Amino acid sequence: MSHIERPRYQCALGGALVTINAIERAVAIVHSAPGCAASADGAATVGAGYWGSTLTDGRATPSTNIIERQVIFGGEERLSEQIASTLDVIDADLYAVITGCMTDIIGDDVRAVVSEFQKQGKPVIVAETGGFKGDSNLGADFIWDAIVTQYLTPGLPKDNRRVNLFGFVPAQDVFWRGNLLELKRLLGRLGITANTFLTPFDDLKDLKDAGRAALNVVFSDVHGVKPAAVFEETHGTPFVSEPLPIGPTATEAFLRRIAARLEIDPARLDEVLAEEKAYYYGFLTPLTDLYTDQDFQRFGVVIGNVNYSYAVTRFIADDLGWIPYLVAVTDLLTDEQRASVVARFEEIPEILRPKLIFETDTDRIKERLNEELASEADPYGSPISPAYVIGSNLDRPLAAELKAGFFGISYPITNRIVTDQYYVGFRGGLRLTTDIVSALVANR
Amino acid sequence: MAINLDITEAPTRETRLGSITGYSGTLKDLVARTGCGASIKNGDRTFSQASSCSSGCAQTLLAGIVDAAVVNHAPIGCAGDTVYHNIANQYGRFYREWGNKNIQLVNTNMEEQDTVFGGTEKLREGIREAFRRFAPKAIFVTTSCASGIIGDDIKGVISELTDEVPVPVIQVSCEGFRSKVWASGFDAAFHAILTGIVKPPVRKRPELVNMVNFRGSARAYIARLFGELGLVPRFVVPFATVEELATVSEAAVTATVCTTLGSYFGTALEENYGVPYVKAIPPHGVAGIEAWLRGIGAAVGKESEVEALIDKERAATDADLAELRRRFKGKRAVLGMGPSYAQSYLGVLEELGIEVLHAASWHYDPRYDYGEQPPAIVRAASRENDITFSVGDQQLYEITNTLSRLKPDLYFSRHPGSSVWAAKLGITAVPVIDEYTAFGHRGLVNFGWRIVDALTNRNFVTKLADRVKLPYSGWWYGQDPYAFLDQEAV
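Chains as they are written, first to last, in numbering that gives the first Met the number 0: chain A, 0 to 443; chain B, 0 to 489.
Calculated from the structure, these hints are not laboratory results. Quantities reported herein were computed from a predicted structural model and do not represent experimental measurements. Backbone N, C-alpha and C fix where the C-beta goes; we use that ideal spot for every residue, glycine too. Incorrect hints may have been included.
[Claimed, not checked] Quick look at which bits of chain B chain A covers, simulated, 3 or more residues with Cβ under 8 Å:
#1 47 to 56
#2 77 to 88
#3 109 to 123
#4 143 to 155
From just these sequences and the hints, can you work out the full model?
And the structure:
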């Protein structure tokens, strides 16, 4: 993979850092150069609709701030000193040592340093997250792997009505908090207890005891899959990969699969589905006046990470009745990961299946879209008029050029704030419809 | 020592100026220890929190040049903060009514194998691609810890591409691990502009002022002030063009709103092209703007026009200032800012009648490149009352401890991510993010009224503080705020 224009993610260190920051009473100890933690955290929190700081992140993140001297002589002593002082200064229950490019290149033995503290019974874990290893998503995998293998209590009995929800990388999914809470609510209605870990209302105890879950649900075909496999190996909990369910069609399918797997009473399932669908259509039905009067069917251009690009495409195809034209997946992926994304898109009926591209560069997405459009001779003008772009803040110029509607749902989002909004489930689909269509009437 | 434009890299501030990031003592003591013939040893910390990176400081300037491109030779994360730079860019473009456009930056995506086998091939491709994609008038290649440690031959790649990429391609050495003083990144950017963009003057422009700043919000105000002196400002670096930067050598004078930002550039232009650099205290508050305007006036021979302008501006604001001072009687504050602002705002708050209990400076330059101590701190230290003064690369645990002891009415801070912690303590935090806050007589009055507003309704922070627990242990609040700072006895 070559150069990238204005990356839509942070490095591995950044993904690990924000994951820790999203866990209540967990704190990161960054072993890297002075600017790494603040730069990664700043990018993630600002780009995630101005998420902001939680317990001790942002500029308050404990960090060794190593410089040239340690590059020459090694930074292990400095790290040991910093862990000891952090245990005194910061009142937390989980301390995660994560590393940057420099310390990984010079080869500090951070595991040996951390093991000294682990031997004393201190709740310190470690992950090598050098930025050159990959993006935020990979860094999140690294830190989850460390949590699963170094922090979770092994050997707990299983609770067959308990699941863990994985596959969310805070900030990369700008709406991870709201999405997790809504999934928890929906599953709760079926009598399933869902651990979410990454919301402000979670408790480290649930994380420590996560091995009790009968099933891990990974809401991604890529992100979180590796640590889920490690989880299965270490704690014996199997996992399933599920697409992020947005809107009634995807959510019903998701709940039916989970209910079957956990042997939920079918009558209860039908009751919940009927109520949730009634809510969706109770609000959607009157919107039909506007939708049909104003002719609001659109050609969709969807730009985002693996999770959102598929989920949004399904929603606009299955529920909104739009025509997905082009989807750009912006993650850094291995060939194997790409294949799993391609396979997922093949589940879309052929007539509605969009052209799928993998492209990390904002301007290249525009170039490739234009190539695609040029290949279709259309005597009446653009073959995708009227179009609508659902992407990130970086894709506004593309939308403007297409004279298309625009709504930002993938990272970075900097033109609105995000608190408890969510797009998953029946109600999330309603919210997405509301937001997308609102953008079309915003100038009236 | 004169600035050397024959070398590729600007030496860091630690090397060039003896700058420090660790000190705790008093204002007068610091000035005495860093005066002529004196020297100060930097204090190290055994507990530290995140600081900032030189590359962010370099890129915030360079990515703002409207027709240049940046190739960031680094792992992707080093360009993650372009999200931030893009916000500043889009906001600035919006106010200038320039239309929505992203900054022009490509990251070379250095991966694990590049740290072993070298990343020059990716750099070559990155430069080519930036040229093809953006058709820029200049390309800045910013470096990173990874490219620096493995020692990629950036100069070599640039020289190979001379024919293929027919615009200036300039190395910007801003590796984060070289310096704890993030302002070293400003110098790296200016060094690149000076060595690769700025041309010798073709003609002299006696009306032109190089105005070194960040976002340039006070363009209209400055244009009016300068207009009365027959001068025209040119705002650099963000939102300037390559051509505008190339001809800064033709200006009559260089002035800056932030001496931490502008001193390297201003000094170099003075030494190399005879463009005088205004070495006055920064233009915040009455004393600041007056000294600064007099410095400009002296440089261009407009002394009497400056005096007339100062009289007019004073007359327009004297009454408001007296009213503000009355309202602020008994109000106490702590401030935490970069050195230029920390020093300058000691004067600003004094003019408003707000007592400063403690000042924290994000680093400290014992002298500037032209060889003298910063004038604003010398001025502040000449007052009768001394105050406690600390130097730290933010280190919010020290600030939080200090605030919880002193319980000031107000916390004034500059730099994103710093005021939030005071707010969570229930202290009214007034951020000084716009560099032209308290600029000039009128800016001072506006700032005063802003503080009045902040004090008028403190509900947001008081209710927040009831709910929020900060991350520090009870033990820490019982310690001296600088307990982890290892320094010579004060």
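(message) For a quick check of understanding: which of the numbered hints are violated here, in increasing order?
(response) Checked against the structure, no hint fails, so every one of them is satisfied.
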